[in-house]
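Sequences listed follow chains A and B, in order.
Be aware that the first sequence starts at 1, since it is given in my numbering, and climbs by one per residue.
Be aware that the second sequence starts at 1001, since it is given in my numbering, and climbs by one per residue.
Any given hint might turn out to be false.
Unchecked claim - Covered by chain B, according to a simulated footprint, are these stretches of chain A (three or more residues, beta-carbon under 8 Å): (1) 168-174; (2) 293-305.
Said to hold, decoys possible - With the C-beta cut set under 8 Å, the calculated list includes, among others, these residues of chain B facing chain A: (3) Ile1020; (4) Gly1023; (5) Val1032; (6) Ser1151; (7) Ile1152; (8) Phe1262; (9) Leu1267; (10) Ile1270; (11) Val1293; (12) Ile1294; (13) Thr1297; (14) Val1304.
As the list claims (entries may be wrong) - Non-contacting residues of chain A with respect to chain B, defined by C-beta distances greater than 10 Å in every case (computed): (15) Ile12; (16) Tyr26; (17) Thr30; (18) Ile37; (19) Lys93; (20) Trp98; (21) Asp224.
Quick caveat, the hints were computed from the structure, so don't treat them as lab data.
In this text, all values refer to a predicted model and were calculated from it rather than measured experimentally.
We treat Cβ as the ideally placed atom computed from N, Cα and C, and that holds for glycine.
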Amino acid sequence: MTKRLGDIVRKISRPLYSNSRLVNYYWQRTKRNKLAIFGLAFIIFLVLLAVVGPFFTLDPTLVNFEEKNLPPVGFAIEQSIYNIETDEFTTTKVSGNWKHPLGTDSKGRDMLAMLISGARVSLLVGLIATGIAIILGTIIGVLSAYLGGWADNTLMRFTDVMMTFPFFLLLVLIVFIFGPSLAIIVLAIGLTGWTGAARLIRSEGLSLRTREFVTAAKAMGASDNRVVFRHLIPNVISLIIVMATLAIPGVILAEAALSFIGLGDPTVPSWGIILESGQHSLNTAWWVAVEPGIMIFLTVLAFNFLGDGLRDAFDPKSNI
Amino acid sequence: MGKSWLRDYVIKRLIYSVIIAWGILTVTFVLVRVGPNSPADRYLANIAAGGHDVTQVVAAIEARYGVDKPIWEQYADYMGNLFRGNWGWSFSTSMPVVELIKKHWIYSFQLILLSSLFAALLGILIGIYSAVKQYTKADYTFTLLSFIGISIPNFWLGVMLILIFSVQLGLFKTYYDTTLPLFSLENLKALVLPVLTLGTGMLAGYVRYTRSAMLDNLRKAFVTTARAKGLPERTVIGKHVFRNALLPLVTIMLFDLGSIVFGGAYLTEIIFGIPGLGQISFKAIFANDYPVVIAVTLIGTFIVLLVNLLADITYTYLDPRIRYD
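Just chain A, with the same shape it has in the complex (with noise of 0.2 Å):
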């Protein structure tokens, strides 16, 4: 199986590695987007951050009522503290410290530590959903394209169905209905999300099937596998890079809203929990709605930085 997997990988992406000069042709051009290259650093970061922060940071669990609500360093803060002997309210200033440079939240956990496993989470729910997406409509768009008539239409049509229900409110009804664990939350963004890319894709299959090599290939005796995997997804291929890169932004801002709403996975600390937590202290601790809040807008930023860069460089003509 996983051979097997190992193999179409290779065949579909056989331009990408066997054609060094052209990979070289596109970093170029999309190397000129100094935007993209910012995208592409931060998202570099950002997955290092993910994979090796946590070893270094607190424990994101820790709970710690003594060191509660505590601001990010270089802020200060009035705070009330009921004092059991004297039973009154004494208001003291509270300045952030570096043994919390991002501060804590109201149960006196790191913020610096939620947000590093935070990033694992998002990043992780964005790659595989999207992955998930992008093959199910690739899968879809290539067959429609290819095998036409009534196979074609009937894919469409239920594509046309997919596309008609409003996004968001499609995933609030699956993950309801479902109940609000990270692999239905995955699932249900990958499931509905692949219909723009079915669609993209079997146009540019559709003009593909019909150009000389696909004929020639053929009429020399190829089979159908060897026609799709050697000739139309290799063609598309930049096709679904951008489509790809373009759509993990949507699918961290969409999982970050479900959580937002009270649907995501409670025991997992994503970064739209944390921001719902921080949602209901804004009066006693702004930060911890803040901090995730910016963490997501910048991911979302750098995705669609470097989508568009690559996008340009691909595609030249579009400008959207």
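Assemble the complex: chain A is given as a structure, and chain B must be docked to it using the hints.
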């Protein structure tokens, strides 16, 4: 060329929409049936939580929801009820779902309408300016800003606006006041932050679409001709370029309705406590009020379907070159 092709087209398009509507209802039915918690289970959980005897109610509920019937009969009932306008009973609010929606839709409508107006007017103006001044500092600034606009999570922006303008500066209330009359200045003021929350992402998208649609047309030969004729630049941009850019622009704006606007409105209503459809669906989720959650999703979907249908027919009427098949 008579108008009979248009009539044929409208009929064809209507049939097609009915098929899509049937598909939407079927997908929803399958989702609910496949789901681990049937409506009856959810209802029972509530009964049990209320301290009542569960076993007594089981048979009654199964009959009420028709769960005891064979699956194809349930399917037929479900379809029939929806078409007859019987969208179920919302037990958390003790009224028919249709009544509940009639009471609340206007709040969603006003939010979406105002946000769309704000985003479309400003977005188109900035987009045109950006395209005309392509590769200038202003263009780069607007492009960067629009990237920021589409990347800001709209629910986070809402929370930040409350934090800055309501909590810190005290300019607005932190919560939407539902007692205000709809057509009043106070209501408009109460909607400033919600409209900014929902409108910013839309605005950023519209700036990008407009700029791109304008640039596509600016390079066409007829623009050069118009300029060569000695037409003033205002006329060239306003009449020749913009009008040609408008059709693809409206198409892509309508596409945003389902993919961005409804989701954004849902979240915005929750943040500001606006009692629209998003808010009632949100409350229904925590009350396990099944029919309401399904109804809100279906309404959003049918609006998208209807808007697409109307848009397609309008385009075909306006631009006879367009033929769908």
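Evaluated hints:
1. Coverage of the stretch 168-174 of chain A by chain B holds. Counting CB-CB distances below 8 Å, 6 residues qualify, and the rule asks for three or more.
2. For a cut-off of 8 Å, the count of residues in the stretch 293-305 of chain A with a CB near a CB of chain B stands at 7, and the three-residue condition holds.
3. The criterion of a C-beta within 8 Å of any C-beta in chain A is met by B/Ile1020, whose closest approach is roughly 6 Å, and the hint holds.
4. The closest approach between the C-beta of B/Gly1023 and any C-beta of chain A is roughly 4 Å, which is under the 8 Å cut-off, so the hint is satisfied.
5. Against a cut-off of 8 Å between C-beta atoms, the interface hint on B/Val1032 holds, since the closest Cβ of chain A lies about 6 Å away.
6. At a threshold of 8 Å, the smallest CB-CB gap from B/Ser1151 to chain A is about 4 Å, leaving the interface hint in force.
7. With 8 Å as the threshold, the beta carbon of B/Ile1152 comes within range of chain A, its nearest partner Cβ sitting at about 5 Å, so the hint holds.
8. For the restraint placing B/Phe1262 at the interface with chain A, the shortest Cβ-Cβ distance is roughly 4 Å, inside the 8 Å limit, so the hint holds.
9. Nearest Cβ of chain A to the Cβ of B/Leu1267: about 6 Å, under the 8 Å cut. The hint holds.
10. About 6 Å separates the beta-carbon of B/Ile1270 from the nearest beta-carbon of chain A, less than 8 Å, and the hint is met.
11. Interface hint at B/Val1293: satisfied, since its Cβ lies 5 Å from the closest Cβ of chain A, which is below the 8 Å cut-off.
12. The beta carbon of B/Ile1294 is positioned within 8 Å of a beta carbon in chain A (closest approach about 7 Å), and the interface hint is therefore held.
13. At about 4 Å, the closest approach between the beta carbon of B/Thr1297 and any beta carbon in chain A falls short of 8 Å, and the interface hint on this residue holds.
14. Because the smallest distance between the Cβ of B/Val1304 and any Cβ of chain A comes to about 5 Å, under 8 Å, the interface hint for this residue holds.
15. The Cβ of A/Ile12 sits about 28 Å from the closest Cβ of chain B, beyond the 10 Å cut-off, so the non-interface label holds.
16. Its beta-carbon lying about 21 Å from the closest one in chain B, A/Tyr26 satisfies the requirement of being farther than 10 Å from that chain.
17. No beta-carbon of chain B comes within 10 Å of the beta-carbon of A/Thr30; the shortest separation is about 16 Å.
18. A/Ile37, annotated as away from the interface, keeps every beta carbon of chain B farther than 10 Å; the closest lies near 14 Å.
19. With 10 Å as the threshold on Cβ separation, the claim that A/Lys93 sits away from chain B holds: the shortest Cβ distance comes to roughly 18 Å.
20. At roughly 25 Å, the least C-beta separation between A/Trp98 and chain B is larger than 10 Å, which holds for a residue marked as non-interface.
21. For A/Asp224, the non-interface assignment is confirmed: its Cβ lies about 27 Å from the closest Cβ of chain B, beyond the 10 Å cut-off.
Going through the hint list in order, the structure satisfies each hint without exception.
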